[in-house]
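**Student:** One letter stands for each residue in the lines below.
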Amino acid sequence: MPKIKIPKGSPSIDMTPMVDLAFLLVTFFMLSASFRSSEPVDVDIPTSISDKIIPENVLLITIDPGGRVFFNMSDPEARRELLTNMAGKYQIGFNEEQIKRFSFMSSFGCTMKELPGYIDMEPNARKQFNTPGIPYADSTANAGDNQLKDWINYGNRAALNSGKTAFVEAKNQGKNPDANDYKPKFILRVDSKTLYVHAAKVIDVFRDLKLNNLNFVTSMELAPI
Amino acid sequence: MSEIAEGGGNDQHKGKKRAKKSSTRVDMTPMVDLAFLLLTFFVLTATFSKPKVMSLVYPAKLDPNAPPVEQPKINNAITFLLSEDKIYYYTGQFYPENSPGPKGPTKLEETDFGTKGVRKLLATKNEYVLSEKKIYGEKLDKEQIADSTYLRHISEAKKNKKALKVLIKTDDKATCKNFIDLVDELKIAEIGVIAPVELMPSEFSLIKSKIK
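Those protein sequence lines, which keep their order, are chains A and B.
Once you know that position 61 of the first sequence is 61 in the working numbering, the rest is easy, because the numbers rise by one and skip nothing.
Once you know that position 27 of the second sequence is 27 in the working numbering, the rest is easy, because the numbers rise by one and skip nothing.
Among the hints, a few may not be true.
[Claimed, not checked] Once the Cα atoms are required to be at most 25 Å apart in a straight line, the calculated SDA-like pairs of lysine to any residue come out as:
hint, chain 1, residue 1, chain 2, residue 2
1, B, LYS61, A, LYS8
2, A, LYS8, B, LYS159
3, B, LYS120, A, SER74
4, A, LYS201, B, LEU38
5, B, LYS86, A, GLU221
6, A, LYS175, A, SER74
7, A, LYS52, A, SER219
8, B, LYS159, A, LYS201
9, A, LYS193, B, LYS159
10, B, LYS158, B, PHE204
Everything labelled a hint here was simulated from the structure, so no lab data went into it.
Keep in mind the model is a prediction, meaning the values are calculated, not measured.
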C-alpha cells in the first residue's frame, strides 16, 4: 500500500473573499444607517398594518404616557417663520442664534417662557429638562393658555407657505407636482400606554382649528391574508 | 487562526545558505476581528422599518352657534366602546334604561382584540364590502379590470348602504394602543366610515356596570 502523502505546507485558508464580504457589509450598514435625532422623550409607538410612509412636510405632535405634549415640525424654513410669529404673539425676544438653533431642533415640550432657556441648552441636557409639556386647553375649559393651538395654527400657516414655495419651485423645474404632497400633514406620535383621553384633548385642539385629517405614527405589522 | 507561523525550521535542513524567504502574507486576523465586530454592531443597531402613518379623518366639530341639525338615523351601524384592554359593542341606535327602544334598553356585548373576536365580528358584519372586494379582486387578478376601476368599485362599496359604519367611543381608561388596534381592525375589515365620537354619560355608566 502506498504511503499516503500528507501535503506539506501551512493549513491556512485564504480569507480574502470573506474579508472582502465582511467589509462590503460593514460599508453597506454604515452608509445605510441613519442616526436618530435625540428626542426629548422616548415613545413606544403602536403597530398597525398601514404601509403609508411619513410624508415630507409635517407637523408632529408627540404625546408621552404622562400626557405631556411635544411639538415638532419638519421644515427648517417654516420653523423660522413660526418662531418669529410666536415670539411676536407672546412678546418674547429671540436672538438670531436662538432662531437658528430652533430651526434645527428636534421636538420640544415647554412653555413659551421656558423656550429661550431650552433652546440655549445642549442637546443632551434637554433630555433631563423637566417640563410639563406645551400647555393646551380643550374648547370646553376656558381657553386661557392654549399655546398648543397657537403652535399648530402658526405652524400650519408657515408650513403652507413653505410648501407653496416648494411646489412652485418643483413646477418651475418642469416637474408635474401634486399640490397635495406639499400641503402640511398633521401627525400624532402617541405612546402605546398614553390614555386616549389625553390624545382626544389634543385632537380637539386640531378640530377646533378645523384640521380634521390626522395621522397616527405606527410601526408596521404584517397584514392578515 | 489564519496563518500558522512557518519559518524557523526551514533553514536547518539545507546546508546552503540562502537569503531568508519571509512570507509576504500579513496576518489578517485582527483586521477580520474588527470588521466582524463593526458588522455585528451595525447589523444590530440598524432599523430597517421606517415608521409608517395611519390616517384617520375625524368628524368636523359642529359650530355651537349654528342651529341644531336633526341627527340622521344611522342604519347598519355598530358602536364600539373601549375601556382598558376591553372592547364592548352594540349595534344600531342606543336606547338608555329610561327610554327603551322596541327591543328594550341597549345591552353591551363583549368581545376581544384577537382574530376570533373583533376581526370575526367585523368580517361577518361587513360581509358586503368584503365580498365585493373579493369579486373585483379576482377580476383584477385576471386583468379584466384596471387598477383604477378596482379602487373605484371598492370605494363605492364602502359608501353603499349595506356597508357597515363604525362609531368608536372611549372611556377614561382606554389607551391609545387599544384605540389604534381597533382602528387597525376596522381597516383590515375595509370599513369606510369610521367616526371616533364622544362617550355619552349613559353609555359610560353602562360600561362601568359591565366591568364590575
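**Student:** All the hints need checking, so say for each whether the structure fits it.
**Tutor:** Against the structure, the hints:
{"no.": "1", "hint": "LYS61(B) with LYS8(A)", "verdict": "violated (87 Å)"}
{"no.": "2", "hint": "LYS8(A) with LYS159(B)", "verdict": "violated (81 Å)"}
{"no.": "3", "hint": "LYS120(B) with SER74(A)", "verdict": "violated (40 Å)"}
{"no.": "4", "hint": "LYS201(A) with LEU38(B)", "verdict": "violated (46 Å)"}
{"no.": "5", "hint": "LYS86(B) with GLU221(A)", "verdict": "holds (21 Å)"}
{"no.": "6", "hint": "LYS175(A) with SER74(A)", "verdict": "holds (23 Å)"}
{"no.": "7", "hint": "LYS52(A) with SER219(A)", "verdict": "holds (10 Å)"}
{"no.": "8", "hint": "LYS159(B) with LYS201(A)", "verdict": "violated (29 Å)"}
{"no.": "9", "hint": "LYS193(A) with LYS159(B)", "verdict": "violated (33 Å)"}
{"no.": "10", "hint": "LYS158(B) with PHE204(B)", "verdict": "violated (30 Å)"}
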